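Asks: Okay, here's what each chain looks like letter by letter:
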Amino acid sequence: GAGVSQSPRYKVAKRGQDVALRCDPISGHVSLFWYQQALGQGPEFLTYFQNEAQLDKSGLPSDRFFAERPEGSVSTLKIQRTQQEDSAVYLCASSLEGEGLQETQYFGPGTRLLVL
Amino acid sequence: RKEVEQDPGPFNVPEGATVAFNCTYSNSASQSFFWYRQDCRKEPKLLMSVYSSGNEDGRFTAQLNRASQYISLLIRDSKLSDSATYLCVVREDTNAGKSTFGDGTTLTVKP
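From first to last, the protein sequence lines are chains A and B. Taking the numbering used here, the leading residue of the first sequence gets 1, the next gets one more, and so forth. Taking the numbering used here, the leading residue of the second sequence gets 1, the next gets one more, and so forth.
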């Protein structure tokens with residue numbers, strides 16, 4: 001079956017430009033997660049949705065980062081006025097319920113963002 | 001200090017070797033533990049969950065020591081296809097949605 005998909009796969013932005021990254025979770029998955037992975041590091045949690053409700057946004061690094069999931073399926077991560085330190089791979093993951101401690105999170109292929 | 005720490009490696013081992021990775025976590029509220037595998041320029045994929053009693057899946061064995069806040073992964077009879085980065089992941093009881101990842105340990109298995 002179809003996994004988590006993300007678009008675009010690659011994005012080059014000029015410093016100061018706004019970008020929008022899209023995530024399509026696995027159909028029927030209630031929970032959706034965004035992570036940021038810098039080169040040579042593990043993924044860092046950004047935010048988490050259960051259906052359309054954003055339950056945790058503690059990992060968003062600044063108010064330039066905004067995420068939404070208005071209909072409880074597709075999610076968009078928006079970064080305003082991009083800076084060079086925003087360059088990273090942005091990973092989206094989904095899980096069936098999200099509340100179980102042993103729930104598996106399935107990752108998408110990521111969007112590789114480069115800010116020049 | 002990071003919440004989840006791993007030896008970055010790299011570990012370079014011959015085919016057939018046994019190799020062990022360690023991971024320590026600082027948050028005593030952590031309740032669930034996982035090992036993920038990430039191939040170069042690919043997304044992380046779940047390798048196995050780690051249970052209190054320890055668990056095995058084929059050539060892979062995971063152990064948890066709650067008292068020492070330490071997790072391990074043992075790979076026996078290494079294959080070339082085991083070459084990847086292995087990420088240690090923990091989740092807290094109070095926020096099951098959020099996963100905290102280590103920076104990973106890189107393994108290269110050579111012929």
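Rather than coming from a laboratory, the hints here were simulated on the basis of the structure. Just so we're clear, the structure is a prediction, and the values are computed from it rather than from any experiment. For each residue, glycine too, the CB sits at the ideal point set by N, CA and C. Please note that the accuracy of each hint is not assured.
[As the list claims (entries may be wrong)] Dumping the calculated DSS-like pairs for lysine-lysine here, alpha-carbon to alpha-carbon at most 27 Å:
id: 1; chain 1: B; residue 1: K45; chain 2: B; residue 2: K79
id: 2; chain 1: B; residue 1: K110; chain 2: A; residue 2: K57
id: 3; chain 1: B; residue 1: K2; chain 2: B; residue 2: K79
id: 4; chain 1: B; residue 1: K79; chain 2: A; residue 2: K78
id: 5; chain 1: B; residue 1: K2; chain 2: A; residue 2: K57
id: 6; chain 1: A; residue 1: K78; chain 2: B; residue 2: K98
id: 7; chain 1: A; residue 1: K14; chain 2: B; residue 2: K79
id: 8; chain 1: A; residue 1: K78; chain 2: B; residue 2: K45
id: 9; chain 1: B; residue 1: K79; chain 2: A; residue 2: K57
id: 10; chain 1: A; residue 1: K11; chain 2: B; residue 2: K45
id: 11; chain 1: B; residue 1: K42; chain 2: B; residue 2: K79
id: 12; chain 1: B; residue 1: K42; chain 2: A; residue 2: K11
id: 13; chain 1: B; residue 1: K42; chain 2: A; residue 2: K57
[What the hints assert, rightly or not] Simulated restraints on C-beta separations:
id: 14; chain 1: B; residue 1: N22; chain 2: A; residue 2: G16; range: 40 to 50 Å
id: 15; chain 1: B; residue 1: E3; chain 2: A; residue 2: G16; range: 45 to 55 Å
id: 16; chain 1: B; residue 1: N65; chain 2: A; residue 2: E97; range: 23 to 33 Å
Asks: If a hint holds in the structure, say so; if it doesn't, say that too.
Replies: Results of checking the hints against the structure:
1. B:K45 - B:K79: holds (18 Å)
2. B:K110 - A:K57: violated (42 Å)
3. B:K2 - B:K79: violated (31 Å)
4. B:K79 - A:K78: violated (41 Å)
5. B:K2 - A:K57: holds (19 Å)
6. A:K78 - B:K98: Status holds; Cα separation ~20 Å.
7. A:K14 - B:K79: This hinted pair is violated, its Cα atoms lying about 43 Å apart.
8. A:K78 - B:K45: holds (25 Å)
9. B:K79 - A:K57: Answer violated: B:K79 to A:K57 is near 40 Å, above 27 Å.
10. A:K11 - B:K45: Distance ~23 Å between A:K11 and B:K45 Cα, so the pair holds.
11. B:K42 - B:K79: holds (19 Å)
12. B:K42 - A:K11: holds (16 Å)
13. B:K42 - A:K57: Holds. B:K42 to A:K57 sits at ~25 Å (cutoff 27 Å).
14. B:N22 - A:G16: 40 to 50 Å: holds (43 Å)
15. B:E3 - A:G16: 45 to 55 Å: violated (33 Å)
16. B:N65 - A:E97: 23 to 33 Å: 29 Å Cβ-Cβ, so the 23 to 33 Å window holds.
Hints 2, 3, 4, 7, 9 and 15 from the list above are not met by this structure, while the remaining hints are.
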